[in-house]
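Student: Sequence:
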Amino acid sequence: MSIFKRFLPFVRPYLTRLILAGLLVSGVALINLALVRLAGTLWDVITVQHDADQMTQSIGLFLSLVIVQGLCSMGHSYLTAWVSQEVVADFRKHVFGHLQTLTVSFFARRRTGELLSRLMTDVTVIQSIVTETPIDGVKQLVTFLGGITFLLLMNWRLCLLTLILLPLLVLVAKVFGRRLKSLSTSIQDHTAALSTLIEEVISGIRIVKSFVQTQREQARFADQVDQTLQLTLRRAGIMAVFIPVISLLTFSSATAVLWYGGRQVIDGVVTPGDLFAFVLFAGILIGPFSSAARVFAQIKEAQGATQRVFEILDAQPDIRDQSDAQTLVTVDGHVRVEGVNFGYDVRHPVLSNLSFEAKPGELVALVGPTGAGKTTVINLLHRFYDPTEGRITIDGKDLRHVTVESWYRQIALVPQETILFGGTILDNIRYGNMAANEASVMEVSKAAHAHDFITALPDGYQTLVGEKGVNLSGGQRQRIAIARAILKNPRILLLDEATSSLDTESERLVQDALHRLMEGRTTFVVAHRLSTIQRADRILVLDKGKMVEEGTHAQLLERKGLYHYLYTIRLNEPTA
Numbered sequence: 001m002s003i004f005k006r007f008l009p010f011v012r013p014y015l016t017r018l019i020l021a022g023l024l025v026s027g028v029a030l031i032n033l034a035l036v037r038l039a040g041t042l043w044d045v046i047t048v049q050h051d052a053d054q055m056t057q058s059i060g061l062f063l064s065l066v067i068v069q070g071l072c073s074m075g076h077s078y079l080t081a082w083v084s085q086e087v088v089a090d091f092r093k094h095v096f097g098h099l100q101t102l103t104v105s106f107f108a109r110r111r112t113g114e115l116l117s118r119l120m121t122d123v124t125v126i127q128s129i130v131t132e133t134p135i136d137g138v139k140q141l142v143t144f145l146g147g148i149t150f151l152l153l154m155n156w157r158l159c160l161l162t163l164i165l166l167p168l169l170v171l172v173a174k175v176f177g178r179r180l181k182s183l184s185t186s187i188q189d190h191t192a193a194l195s196t197l198i199e200e201v202i203s204g205i206r207i208v209k210s211f212v213q214t215q216r217e218q219a220r221f222a223d224q225v226d227q228t229l230q231l232t233l234r235r236a237g238i239m240a241v242f243i244p245v246i247s248l249l250t251f252s253s254a255t256a257v258l259w260y261g262g263r264q265v266i267d268g269v270v271t272p273g274d275l276f277a278f279v280l281f282a283g284i285l286i287g288p289f290s291s292a293a294r295v296f297a298q299i300k301e302a303q304g305a306t307q308r309v310f311e312i313l314d315a316q317p318d319i320r321d322q323s324d325a326q327t328l329v330t331v332d333g334h335v336r337v338e339g340v341n342f343g344y345d346v347r348h349p350v351l352s353n354l355s356f357e358a359k360p361g362e363l364v365a366l367v368g369p370t371g372a373g374k375t376t377v378i379n380l381l382h383r384f385y386d387p388t389e390g391r392i393t394i395d396g397k398d399l400r401h402v403t404v405e406s407w408y409r410q411i412a413l414v415p416q417e418t419i420l421f422g423g424t425i426l427d428n429i430r431y432g433n434m435a436a437n438e439a440s441v442m443e444v445s446k447a448a449h450a451h452d453f454i455t456a457l458p459d460g461y462q463t464l465v466g467e468k469g470v471n472l473s474g475g476q477r478q479r480i481a482i483a484r485a486i487l488k489n490p491r492i493l494l495l496d497e498a499t500s501s502l503d504t505e506s507e508r509l510v511q512d513a514l515h516r517l518m519e520g521r522t523t524f525v526v527a528h529r530l531s532t533i534q535r536a537d538r539i540l541v542l543d544k545g546k547m548v549e550e551g552t553h554a555q556l557l558e559r560k561g562l563y564h565y566l567y568t569i570r571l572n573e574p575t576a
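The numbering used here puts the first residue of the sequence shown at 1, with every later residue one more than the last.
A hint or two may mislead.
Stated by the list, open to error - Capping the alpha-carbon separation at 25 Å, the derived lysine to aspartate or glutamate pairs in DMTMM-like fashion look like this:
1) Lys488 / Asp452
2) Lys5 / Asp314
3) Lys359 / Asp512
4) Lys488 / Glu549
5) Lys544 / Asp386
6) Lys488 / Glu558
7) Lys546 / Glu558
8) Lys544 / Glu389
9) Lys546 / Glu389
10) Lys488 / Glu389
11) Lys397 / Glu338
12) Lys359 / Glu549
13) Lys359 / Asp332
Source of the hints: derived by calculation from the structure; they are not laboratory data.
Model the full assembly from the supplied sequences, consistent with the hints where possible.
Tutor: Take a look at the structure:
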């Protein structure tokens, strides 16, 4: 019931159609029962009464009921399928929308393949339980209650003999149910792991091939498939026993009814037609019992899938708007970091008592050895995370007291690994401002030194970039990312190693584009490139999560501290 309760908001918009489907399927069940009773009467008409006119009328009524039943069956089948697809589509949209509200920390703890499995595979498992199963349940309930009513009216002793196995059926279902739920949950977990493995190998296929690890990945995949197969076979084995046991019990009851009823026919207590109808009714009752066993197994499987999907829906974002959060319309760009402590894991702090300031329009460079916390500072400034202690302010306002979306609208991030989305170059640049026209896109592309190479492509701005921009070079992807950032027109700019992986020519073009992008904006840059560092208004030197030096390029060189050491090393690095 908890499954249906949580899905009720998604079913409610289609409740009228679902009720209509329920009424139609009830009509199918009732007509089935009427046909069975009519078959018993027809049997007596033919074998006992020998009435040809009555036989013709009964057959005509029989055919009429069959036609009406067929129409009801067509209607409920279509309505059930339609509602089922609509509900699962709405639910997938809801889950995907909720994923968008979750913070970076959630995705850092999950793998892409696992989330994909929950969104697609698990939701599909739940689909039939939420819509098709209730309709089928209505049909079986009407069949069961109607059948029992007919049996009681015809012969209450035979009816009680039919119902004697109900407690035994409940006991069998309970015993098998626990194991089915456990195995189904394990299978879904292994399926998710399999999806994750496939996603990782395909996305990293160049590394797999380069390091000659294809056989290792094949072995990992085969091992995961074998584990999933073993669990699936174990579940199939249980189902192979479960359903036949239920059927055996129900058919045993039908056999007892036939034996007892046959004796009553021989003794002249009931007519052959009544016994014929009674046996048919008893056979029809096997349907609800077998269906209940099948549905019970499906529900146990869906419980595991539901748990996995609702784990996502129950997850709450770490970064959310407070009740008093203000909306930022425009900002000057005065950023202050005051006594900030932070760690992705509370047991391992990354930043300790960090404080600095960036005035509007300033360029602040973050330098330091690997693991010093530079990218973490960028993450905190963007508010992908909140400090565990201390605060970050924009124009004197604590970031915790402004709405997340309005703050994000003031920022543009150009990361080291450029992310492009499947589609055209035009679509990717316009991602910075979906309302921008093509002329504006061309203008920012020229500022990012991207227009020339784009127009040189056969399809120009309509060129498909491929998955993650695979059809473009690193420098081209980076210039598109810069054009995207310029189009957004942010007040705060965050650059995280934006030129570290480029060749000399690409770096020159990207650096020039970045300089245009940084004009008049408060900019924080993590960079190893000397030209960027030297232009900074302020350089912050980090080491092991603490700021050990601060000043201009010339001031820090004079101190001959960590910055001087790092600068000297990079100055002497060979260039490509």
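Student: The structure should be examined with respect to each hint, and the outcome stated for every one.
Tutor: Verification of the hints:
no., hint, result
1, Lys488 / Asp452, "holds, 21 Å"
2, Lys5 / Asp314, "holds, 15 Å"
3, Lys359 / Asp512, "holds, 23 Å"
4, Lys488 / Glu549, "violated, 33 Å"
5, Lys544 / Asp386, "holds, 19 Å"
6, Lys488 / Glu558, "violated, 39 Å"
7, Lys546 / Glu558, "holds, 21 Å"
8, Lys544 / Glu389, "holds, 17 Å"
9, Lys546 / Glu389, "holds, 14 Å"
10, Lys488 / Glu389, "violated, 31 Å"
11, Lys397 / Glu338, "holds, 12 Å"
12, Lys359 / Glu549, "holds, 18 Å"
13, Lys359 / Asp332, "holds, 9 Å"
Going through the hint list in order, the structure does not satisfy hints 4, 6 and 10.
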